[in-house]
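For the record, the sequence lines run as chains A and B. For the first sequence, the working numbering begins at 1 and goes up steadily by one. For the second sequence, the working numbering begins at 245 and goes up steadily by one.
Because the hints were derived from the structure by calculation, they are not lab data. This structure is a prediction, so every number in the text was calculated from the model and none was measured. It cannot be assumed that every hint is accurate.
In silico BS3-like cross-links for lysine-lysine, where the CA-CA straight-line distance does not exceed 27 Å [as the list claims (entries may be wrong)]: (1) K99/A <-> K71/A; (2) K220/A <-> K208/A; (3) K267/B <-> K99/A; (4) K333/B <-> K139/A; (5) K123/A <-> K267/B; (6) K209/A <-> K182/A; (7) K182/A <-> K99/A; (8) K99/A <-> K123/A; (9) K182/A <-> K123/A.
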Amino acid sequence: MNERAGDTVNFDNVGLRYGTEPEVLSDLSFTLFPGSFYFLTGASGAGKTSLLKLLYLAQRPSRGGIRMFGKDMITLPREQLPTYRRRLGVVFQDFRLVKHLTAFDNVALPLRLAGVPESELQKPVDDMLDWVGLSHRVKARPATMSGGEQQRVAIARAVIGRPDMLIADEPTGNVDPEMALKLLRLFEALNRLGTTVVVATHDVHLLKKVPESLIMRLNKGRLTDPTGALKFPPRSTRPMRAGQ
Amino acid sequence: MSTPPFATELADSTPAKAPGPLKGSAAALLVPQARLSGPIPWVIAIMIALVVIAAAGGLALNNLTSNARAELSGAVTIQITEANETLRKQKAATAAEVLTAQDIVASLRVVPEEELDEMLRPWLGDGAGSQDLPIPALIDVQLSSASGPAEIARLQAALDADVPGARVDAQSEWLQPVYSALSSLQYLALALIALLTFACAAAVWLAARSAFSNHRETVEIMHLLGGTDAQITRIFQRSVVRDAAFGGLVGLGLGAGAVWLLGRQFAALDSGMVAGGVLGMSDWIIIALIPLAGVALALVTGRYTILMALRRML
Ligand SMILES: Nc1ncnc2c1ncn2[C@@H]1O[C@H](COP(=O)(O)OP(=O)(O)O)[C@@H](O)[C@H]1O
Ligand SMILES: [Mg+2]
Chain A
1 MNERAGDTVN FDNVGLRYGT EPEVLSDLSF TLFPGSFYFL TGASGAGKTS
51 LLKLLYLAQR PSRGGIRMFG KDMITLPREQ LPTYRRRLGV VFQDFRLVKH
101 LTAFDNVALP LRLAGVPESE LQKPVDDMLD WVGLSHRVKA RPATMSGGEQ
151 QRVAIARAVI GRPDMLIADE PTGNVDPEMA LKLLRLFEAL NRLGTTVVVA
201 THDVHLLKKV PESLIMRLNK GRLTDPTGAL KFPPRSTRPM RAGQ
Chain B
245 MSTPPFATEL ADSTPAKAPG PLKGSAAALL VPQARLSGPI PWVIAIMIAL
295 VVIAAAGGLA LNNLTSNARA ELSGAVTIQI TEANETLRKQ KAATAAEVLT
345 AQDIVASLRV VPEEELDEML RPWLGDGAGS QDLPIPALID VQLSSASGPA
395 EIARLQAALD ADVPGARVDA QSEWLQPVYS ALSSLQYLAL ALIALLTFAC
445 AAAVWLAARS AFSNHRETVE IMHLLGGTDA QITRIFQRSV VRDAAFGGLV
495 GLGLGAGAVW LLGRQFAALD SGMVAGGVLG MSDWIIIALI PLAGVALALV
545 TGRYTILMAL RRML
């Protein structure tokens, strides 16, 4: 699978600010390796969602370089971005389900956008909804679903296409511990098939549930590497500023 | 624990190649087409109806002017003023002879006195036939060419020698002010159509924007899930085009109905001049094309609006 050769993600001294506000992310330099499982932790407001937005190509950084799948995302022409977005599976913090579509059609959306024929949709979508325990809610619309049910639809939609990288923003925030564990198993299963997984969470208990995971910790927009597993690229091995 | 039922890997099964547009049912799901988006289709209908009426008016005026011009361009009237009836008849006969001898005269007709009386009766009442009120003799002449000033002068010179008091008038000259008025009206119709087209484009732009803001969330989600600009515009353009098509058809119906009714009323006037303004087949074809132009305008405006909005999203 030569498409995955090399680093999945490479950040070089990335900074992000919204408008004229101070930077919410500063001096981020790290590499994510293919097939690894990362947790991104940090207090609320630390910048987890902002970092994930850069990863799922919804936002360009204010400075620095980002390479994904071996391509420079900063200079990549806008019309080539969809191709890369289709290689990602994203669980948004606010789910972002299409509200007039049923659970089935929401989960089928990435497949349809990728041009999968209708005849090949039915079974995988039904099976995936069954797997997240929503086979009885196939025809339900988001407004009639609980937060946990919506979250599971969002997860099913993110993983259905077996993406190269899964990016999940607080994906277990609305479900009970038992379901949280089941969803983590789903991510692990995907990870075993070669997908790089990045899960943002402020729930430290979750981290222990995936022993082989690597941990990135955000603190006020700066990254620390408690497990020493991030393998920062050489550039960032320069001495950090005081306080880091 | 069993492996979750992932679909085939998209990145492998559908490589860099851009996916095609969403199929009908999938596209219809994403932008529910159940109802028209508010008052805008009706605004478009009114605009199209007005364009249809203005266009029909302009085309009718155009027909009327060119018909009248064709009929009258070679027409000349000779007027012989002579109080004595016998003398007048003599002079008219002489004039007819002189004119027939001219090679530029194709045909002529001495208008019978009864016909003149009849024409004047509405103004003069029964006095029209009385000898106390001498009316000039009239000869309608059809020239073989257009009646320019040179032709008029030639006829006048030929008549002056044998028929003193005969006056040559080009009928097209009398009508010159009418022609000017008619062409001003045509320009007015054109200006109206231009203004209405502009207003129509604005309405369509609003339609596109409202379709877009109604579905902004859907657009953003499709965009983040890797939908291409082409896929997304296609879907939203459908709803804009549908609104415009509705407006166009209703507008055409209203406008054409009004034009048809007006046409019938004018026809009832039974006036030769108005009859020249009847709309022909080609005119009706042009009118029928107006809503199509409206839909094309909607397509272009709608695409542009949605593409601009998408560009702002990265
Ligand atoms: N769209 C935005 N515009 C302006 N400020 C934002 C926006 N999104 C997030 N922020 C700010 O950036 C900081 C980090 O937010 P976020 O990335 O959501 O953190 P987390 O996900 O870790 O809670 C916060 O101070 C937040 O107020
Ligand atoms: Mg967040």
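Now the hints, each set against the structure:
1. The hinted pair formed by K99/A and K71/A fails the criterion: a straight-line CA distance of about 34 Å is larger than 27 Å.
2. Only pairs whose Cα atoms come within 27 Å are accepted, and K220/A paired with K208/A is accepted, the gap being roughly 23 Å.
3. A distance of roughly 20 Å separates the Cα atoms of K267/B and K99/A; the hinted pair therefore holds under the 27 Å criterion.
4. Between K333/B and K139/A, the direct Cα distance comes to roughly 99 Å. Violation of the 27 Å bound is thereby established for this hinted pair.
5. Of the pairs offered as hints, the one joining K123/A and K267/B holds, with about 19 Å between alpha carbons and a cut-off of 27 Å not exceeded.
6. In summary, the hint linking K209/A to K182/A is supported, as the alpha carbons are separated by about 11 Å, within the 27 Å threshold.
7. At roughly 25 Å between alpha-carbon atoms, K182/A and K99/A fall within 27 Å of each other, so this suggested pair holds.
8. The suggested pairing of K99/A with K123/A holds, with an alpha-carbon distance near 22 Å, which does not exceed 27 Å.
9. Note on K182/A and K123/A: the hinted pairing holds, with a Cα-Cα distance of about 21 Å set against a maximum of 27 Å.
Hint compliance for this structure: hints 1 and 4 are not met, and every other hint is.
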